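Between the sequences and the hints, there should be enough to build the whole structure, so can you do that?
Residue numbers (our numbering): 1 to 232.
Quick caveat, the hints were computed from the structure, so don't treat them as lab data.
This structure is a prediction, so every number in the text was calculated from the model and none was measured.
There may be inaccurate statements among the hints.
Below, simulated DMTMM-like cross-link-like pairs (lysine to aspartate or glutamate); rule was C-alpha separation at most 20 Å, straight line [said to hold, decoys possible]:
no.	residue 1	residue 2
1	186	165
2	35	210
3	93	116
4	78	42
5	63	28
6	66	50
7	66	28
8	35	206
9	89	38
10	218	200
11	221	205
12	89	116
13	20	67
14	113	101
15	162	148
16	78	39
17	93	175
18	150	165
19	213	50
20	83	39
21	6	165
22	212	38
23	89	50
24	78	28
25	113	99
26	6	205
27	162	175
28	213	42
29	221	101
30	83	120
31	89	157
32	83	116
33	218	205
34	153	165
35	113	157
36	6	28
37	20	99
Label-pair restraints from in silico Cβ distances [stated by the list, open to error]:
no.	residue 1	residue 2	range
38	117	149	30 to 40 Å
39	25	172	30 to 40 Å
40	60	113	20 to 30 Å
Where is the CB? At the ideal position from N, CA and C, for every residue including glycine.
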Amino acid sequence: MNTIPKHVAIIMDGNGRWGKLHGRSRSEGHYAGSKTMEELIDVSVGIGIEVLTLYAFSTENWKRPKEEVNYLMSLPVKFFNQKLPEFMKRNIKILISGDIENLPKGTRNVLVKAIEETSDNTGLIVNFAMNYSGRSEMVQAAAHIIQDVKENKISIDQLDEKTLENYLYTRTLPDPDIVIRTGGEKRISNFLMWQSSMSELCFVDELFPDFKKPLFIKALKGVYHRKQALNI
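Following this line, the structure appears as structure tokens:
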């Protein structure tokens with residue numbers, strides 16, 4: 001029996017380094033990464049993955065040079081203005097994990113529009129981790145639980161793993177079966193820390209813009225090498 005993971009999460013690392021390696025700017029590396037991202041969304045639809053979570057911008061990324069941050073904030077606007085009609089036709093649903101309230105207005109508005117317009121779609125869920133921090137997510141969850149206990153919305157006796165999960169950004173999603181990180185680093189960098197506690201971890205050396213379909217499929221097959229080979 002073929003085993004297709006339900007939820008694949010990807011730390012898209014190495015865009016800036018790819019730009020420098022090819023004699024281009026870091027921003028051009030991020031643009032190249034966005035084209036690879038489009039390809040992996042297509043692949044995920046084709047092989048039947050249900051959820052694809054993409055680590056697009058972490059809270060730590062605000063420390064990067066202002067020019068690079070400004071470009072990263074403009075990229076979702078360009079991306080969704082171009083791709084949203086296609087996502088509607090292909091029944092793709094967009095979700096966002098992260099603190100979007102503190103994003104620039106134009107970026108925030110395009111994300112909210114993508115969420116709202118695709119809310120009734122029932123195909124692949126693409127969940128963008130945007131202005132995301134795993135530690136902050138858990139702190140916010142704890143704060144909301146405390147507030148709800150104070151307001152008698154829940155009892156402290158009800159607190160268990162499932163209750164906490166209901167306060168996370170990903171409360172409507174299954175935990176990732178696989179977390180893939182490109183770019184050669186072997187750490188999860190504050191990404192889905194609760195959700196990935198039982199996930200398979202896959203670290204690849206290729207920089208994200210080079211992580212095209214063949215390498216993506218190879219990574220999936222490599223993780224499931226103990227099971228029957230994936231027919232994809």
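Consistency of the hints with the structure:
Straight-line distance between C-alpha atoms of residue 186 and residue 165 comes to about 26 Å, which puts the hinted pair past the 20 Å bound. Taken as a hint, the residue 35 and residue 210 pair is honoured in the structure, with Cα atoms around 10 Å apart against an allowance of 20 Å. Restraint check: the Cα-Cα separation between residue 93 and residue 116 comes to about 9 Å, which is no more than 20 Å; the hinted pair holds. Between residue 78 and residue 42 the CA atoms are separated by roughly 18 Å; this keeps the pair inside 20 Å, and the hint holds.
The straight-line distance between the Cα atoms of residue 63 and residue 28 is roughly 19 Å, inside the 20 Å bound, and the hint therefore holds. Only pairs whose Cα atoms come within 20 Å are accepted, and residue 66 paired with residue 50 is rejected, the gap being roughly 35 Å. About 15 Å separates the Cα atoms of residue 66 and residue 28, which keeps this hinted pair within 20 Å; it holds. A hinted pair counts as satisfied when its Cα atoms are at most 20 Å apart, and residue 35 with residue 206 qualifies at roughly 15 Å.
For the suggested pair residue 89 and residue 38, the alpha carbons sit about 15 Å apart, so the restraint of at most 20 Å is met. Pair hint residue 218 plus residue 200 holds up; C-alpha atoms about 14 Å apart against a cutoff of 20 Å. A hinted pair counts as satisfied when its Cα atoms are at most 20 Å apart, and residue 221 with residue 205 qualifies at roughly 16 Å. For the hint pairing residue 89 with residue 116, the CA-to-CA distance comes to about 15 Å; that is within 20 Å, so the pair holds.
Between residue 20 and residue 67 the alpha-carbon distance is near 15 Å, which keeps this suggested pair within the 20 Å criterion. Note on residue 113 and residue 101: the hinted pairing holds, with a Cα-Cα distance of about 14 Å set against a maximum of 20 Å. Restraint check: the Cα-Cα separation between residue 162 and residue 148 comes to about 15 Å, which is no more than 20 Å; the hinted pair holds. Straight-line distance between C-alpha atoms of residue 78 and residue 39 comes to about 16 Å, which keeps the hinted pair within the 20 Å bound.
At roughly 17 Å between alpha-carbon atoms, residue 93 and residue 175 fall within 20 Å of each other, so this suggested pair holds. Note on residue 150 and residue 165: the hinted pairing holds, with a Cα-Cα distance of about 19 Å set against a maximum of 20 Å. Under the criterion of a C-alpha separation no larger than 20 Å, the hint pairing residue 213 with residue 50 is consistent with the structure, at around 17 Å. Restraint check: the Cα-Cα separation between residue 83 and residue 39 comes to about 12 Å, which is no more than 20 Å; the hinted pair holds.
Of the pairs offered as hints, the one joining residue 6 and residue 165 holds, with about 18 Å between alpha carbons and a cut-off of 20 Å not exceeded. This hinted pair checks out: residue 212 and residue 38 have alpha carbons roughly 10 Å apart, not beyond 20 Å. A C-alpha spacing of about 17 Å is found between residue 89 and residue 50, which places the hinted pair at or below 20 Å, so the restraint holds. At roughly 14 Å between alpha-carbon atoms, residue 78 and residue 28 fall within 20 Å of each other, so this suggested pair holds.
For a cut-off of 20 Å, the pair hint linking residue 113 to residue 99 stands: about 16 Å separates their Cα positions. Distance check on the hinted pair: residue 6 and residue 205 sit about 24 Å apart at the alpha-carbon level, beyond 20 Å; violated. Taking the CA atoms of residue 162 and residue 175, the gap is near 12 Å; set against the 20 Å cutoff, the hint holds. Only pairs whose Cα atoms come within 20 Å are accepted, and residue 213 paired with residue 42 is accepted, the gap being roughly 9 Å.
For a cut-off of 20 Å, the pair hint linking residue 221 to residue 101 is broken: about 38 Å separates their Cα positions. With a C-alpha separation of about 17 Å, the suggested pairing of residue 83 with residue 120 holds against the 20 Å cut-off. Between residue 89 and residue 157 the CA atoms are separated by roughly 46 Å; this puts the pair beyond 20 Å, and the hint is violated. About 15 Å separates the Cα atoms of residue 83 and residue 116, which keeps this hinted pair within 20 Å; it holds.
For the proposed pair residue 218 and residue 205, the alpha carbon gap of about 13 Å is at most 20 Å, so the pair holds. Between the alpha carbons of residue 153 and residue 165 the distance comes to roughly 16 Å, so the proposed pair stays at or under 20 Å and holds. With a C-alpha separation of about 38 Å, the suggested pair residue 113 and residue 157 falls outside the 20 Å cut-off, and the hint is violated. Our distance criterion of 20 Å between C-alpha atoms is broken by residue 6 and residue 28, whose separation comes to about 32 Å.
For the proposed pair residue 20 and residue 99, the alpha carbon gap of about 30 Å is over 20 Å, so the pair is violated. Checking the proposed 30 to 40 Å range against residue 117 and residue 149 shows it holds: the Cβ atoms sit about 36 Å from each other. At about 37 Å, the CB distance of residue 25 to residue 172 agrees with the hint of 30 to 40 Å. Look at residue 60 against residue 113: about 26 Å separates their beta carbons, and that is inside 20 to 30 Å.
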